[in-house]
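Kindly produce the complete structure, drawing on both the sequences and the hints.
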Amino acid sequence: MESVGATVKLDLAQTTVREVNHFLQHELGKEPAGAVEILNPAGAHNIAVGLDAPVEVHIRGHAGYYVAGMNKRATVTIHGNAGKGVAENIMSGVVRVKGDASDGIGASGQGGLLVVEGNAASRCGISMKGCDIVVGGNVGHVSGFMAQAGHLVVCGDAGAGLGDSLYEAVIYVRGRTHGLGADAREEPLTDTDRVTLAELLSAAGFDYDPEAFTRIGSARTLYHWNTEHREAYG
Amino acid sequence: MVKTGAHEESFSFNRDVVAYINSAAERGVYDIRGMGAKRSLPTFDDLVFLTASMSRYPLEGYREKCETKTVLGTRSAKKPIKLDTPITIAGMSFGALSAHAKESIGRAATANGTSTTTGDGGMTVEERASSKTLVYQCLPSRYGFNPDDLRKADAIEVVIGQGAKPGGGGMLLGQKVSARVADMRTLPEGIDQRSACRHPDWTGPDDLAIKLHELRELTDWQVPIYVKIGASRVFNDVKLAVKSGADVVVLDGMQGGTAATQQVFIEHAGIPTLPALRQAVEALDEMDMIGTVQLVISGGIRTGSDVAKALAMGADAVALGQGVLIALGCNSACYTDTQGNEVDVTSDYEKLGTAPGYCHHCQSGQCPVGITTQDDELQRRLVVEEGARRLGNYLSVLTLELATLARACGKSKVHNLEREDLVALTVEAAAMAKRPLAGTDWIPGT
Amino acid sequence: MCGIVGLLVKKHEHREKLGEWMTPMFTCMAARGSDSGGMAIFGESLGQRERRFSLFARDRGYDWEDLKASLLRRLDGNSRETARMDTRANHAVLVSSIEPATLRSWLKDTAPSLHVLSVGQVIDLYKDMGDPKEIAVRYRFAGMAGSHCVGHTRMATESDVTPVHAHPFTAGEDFCLVHNGSLSNPYMLRRTLEKRGIVFETDNDTEAACRFIEWRLAQRDTLANALHHAFRHLDGFYTLLMATADQMTLVRDQFACKPAVVAETDDYVAISSEFRSLAHLPDISKAHTFEPEPEEIYSWKVSAPR
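Protein chains in written order, with our numbering: chain A, 26 to 259; chain B, 307 to 752; chain C, 2 to 307.
Derived by calculation from the structure, the hints in this document are not laboratory data.
It cannot be assumed that every hint is accurate.
Dumping the calculated SDA-like pairs for lysine to any residue here, alpha-carbon to alpha-carbon at most 25 Å [unchecked claim]:
hint	chain 1	residue 1	chain 2	residue 2
1	C	134	A	65
2	B	375	B	355
3	B	458	A	53
4	A	123	C	285
5	A	97	B	528
6	C	134	B	551
7	C	109	C	216
8	B	384	A	50
9	B	384	A	41
10	B	458	A	98
11	C	134	A	43
12	C	287	A	162
13	B	388	B	528
14	C	69	C	111
15	B	385	A	43
Next comes the structure, spelled out in structure tokens:
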């Protein structure tokens, strides 16, 4: 591990994910670091999970599963693609993927912001509980599945089953949807939506007009067991 | 043959089935209830101990020590779980249970040197404070799951399924989704909660292995990870849990309870605890993991003899759910108020369409004795000190009964109970437990 | 459960590098399953007259010389028949002009303990129980050449760990299949296929998928049509990677929960369950990487030989 000015460099070709994570979770506060560079990730899993400090981390390459999982307060940028479950259960902070992301990203996230500049695969934002996710490209099927709170912004197209079993999270889609999921419906944009979209797009760094987005919300017909919608339970 | 003056009930279309079909026809939705399978199933009652005789010598009660200490999670954790007894408390959520119930359970477990487990709703401050050893569940829903509570836990339990409904997700009906519960679970107050049945960010043991690594990275590889499965394809599932990296396997048999799920699930899915336990031990044996990966069995553990038999069959520990609730007062006609008076609530059971000893309406949120409810008034009927006292007593009795039987088998450690100490009373139990039918050498199927 | 790998080289001059590029992919995926492993390599075509037979012996110390001698005796007096063998540990590739059914029958009589793992003009197939890392060394994967290959590392779920339960599975000639996932209706598929005369070797759910496709191919379906039938009849979660003499094909079920990533450059198409097993490939940082959509068929054809 090498310090260059205020930047700490960690090279996964020379050290292990365990050592990197231990450093990030325990030693970071002791070293005055402006930013952390993680080199040669080569698709390794569980890089930078469980961070809890207002630090800037740059991962130079492709990351495997669960990168930046359960992130708190940190700003993590993956300069490449990210595997399954990037920023799963994110609590706060910002995680940005410059390339594409795999499936189940931001799963169950409770706060903070996840940005994917490329495409995300299936189940984007599954079970999200208050985080915000902005995807510059497309998202795969069953995205927003059982999404409880927070916002999912899709600048490209969305795969089939979007927002299936949606709770109170709101989905915005700019491109085409290939079918909505159970209890999801298109709704008109409100002024609050316009403000929220503008803020999220700006935070993500995408220059799109909020008016170009369709709002998808929950019809709330599945909130209570009832016979009229029994086929939705099947 | 004509039976004059007598009512002849159909075996297949008996009154219960008639009532079921009527209800389905009336309402158009399935029956949801709590507790576990009520039908007659082979249980540990069908096994008995071959205690001391001419060839085996018993230990003296209390004078000669019978050790009950139990360690779980030795495979890869730096801080395995150390308990004074192999009798632990199974995962039950705050939400399913009242805050008073969770606190009573925490106190009683701590007094008995054992662990409690959170449920499908996350960790409450009260439970962490009252329970000295707390296992934190990671479920498909991830309600309330967060890295701070994860780091406060003494062990992590990744839940694939439970015995009442292997393959089903959690359920909490609107009447129990109070403001506090809703807030913890990030749901609108009062809605019917349906949990996911698969985890959101992994499917299959190959990806579970990577997920377990993530959880370990977050907790510095300090604490054990349990993997909990509902008993169905037990032999393969236990092997896969081991291959995924589990430190402890928790296996929940068909008799295991729930706070709410579809009646059909409870009665018609999963296999009984007895054969499940045997298969699990065989799987661990085949992988040469006995002693390395520990096994906790749950699902209808009621008495000290159940515990002893489970240990003899190869379990390292047991977990109790329904028994705990009954010790707190579930299905009692009365509750004891803060003054120590017994208050009869039979009429409250009647309002639910049931009676003390028959109730399984945990899903209603109207628990007459304040255990499985979020209602403020009802919850107060479970006085925490009284609940802790009663549950503490029950856990002590279980441990004493376990030790009694172990001593009678000549064991100075309860973990020295072995399967050859047992024989079976029925052909089914003999086949399921692979123990000979009493008085014979015969194990069906061998 | 499992790891799957596949590699197809687009340029003829890279065929000799196939093994060198593929072996780290295979050994990396041992992390997903180390009960058994296997690899099918598609090499130079023999032309119409001859076939390659991959033979497997359970006994690590099997005496191939004995079989060679028997084979020579069999050829004696028949100048039109050819046969030669190349052996590696408990595996042999037998190249022969003897008609396949005849040769299989002869092998059954002469060497009943051997398994025929594959038959074809192009395919060689290696598989066994044990750690994939050791299998790669034992069979010397790193030095192998060919146009494409498909491999698998296994964490057994429901059926036994035996050599024949390992993947890839084959059907007919020059066809193989590997699978990550779990079919939920394998027994019903098996019963239907057995009634149609298809013979199963194992109770493995992957074999049910393979024999289903074998059946459709025997009905003169193209592989694409066979897969459309498969989407309708197979249930559960599956990523299937298949290869024939001149193509490699990848599909995922409608739920698409089991992982798969594809990396494509001008030089190769590489497929794996996890990206990290591709990280060593040349120019990987510039590759077009993507994940297969559910129920889409992705196929790559081998370029014609020089």
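Structure-based check of each hint:
Proximity of residue 134/C to residue 65/A is assessed by CA-CA distance (about 23 Å); at most 25 Å being required, the pair is judged to hold. For the suggested pair residue 375/B and residue 355/B, the alpha carbons sit about 22 Å apart, so the restraint of at most 25 Å is met. Taking the CA atoms of residue 458/B and residue 53/A, the gap is about 21 Å. The hint holds against a cut of 25 Å. Between residue 123/A and residue 285/C the CA atoms are separated by roughly 16 Å; this keeps the pair inside 25 Å, and the hint holds.
Restraint check for residue 97/A and residue 528/B: the C-alpha separation of about 20 Å stays at or below 25 Å, so the hint holds. Proposed proximity of residue 134/C and residue 551/B is supported: the alpha carbons are some 20 Å apart, at most 25 Å. This hinted pair checks out: residue 109/C and residue 216/C have alpha carbons roughly 24 Å apart, not beyond 25 Å. Taking the CA atoms of residue 384/B and residue 50/A, the gap is near 18 Å; set against the 25 Å cutoff, the hint holds.
The hinted pair formed by residue 384/B and residue 41/A meets the criterion: a straight-line CA distance of about 19 Å does not exceed 25 Å. Between the alpha carbons of residue 458/B and residue 98/A the distance comes to roughly 19 Å, so the proposed pair stays at or under 25 Å and holds. For a cut-off of 25 Å, the pair hint linking residue 134/C to residue 43/A stands: about 23 Å separates their Cα positions. Distance restraint check for residue 287/C and residue 162/A: the Cα-Cα separation of roughly 19 Å lies within the 25 Å cut-off, and the hinted pair is therefore satisfied.
With a CA separation close to 14 Å, the supplied pair residue 388/B and residue 528/B stays within the 25 Å bound. Annotation: proposed proximity of residue 69/C to residue 111/C holds, straight-line Cα distance about 11 Å (limit 25 Å). For a cut-off of 25 Å, the pair hint linking residue 385/B to residue 43/A stands: about 18 Å separates their Cα positions.
The earlier numbered hints are all upheld by this structure, with none contradicted.
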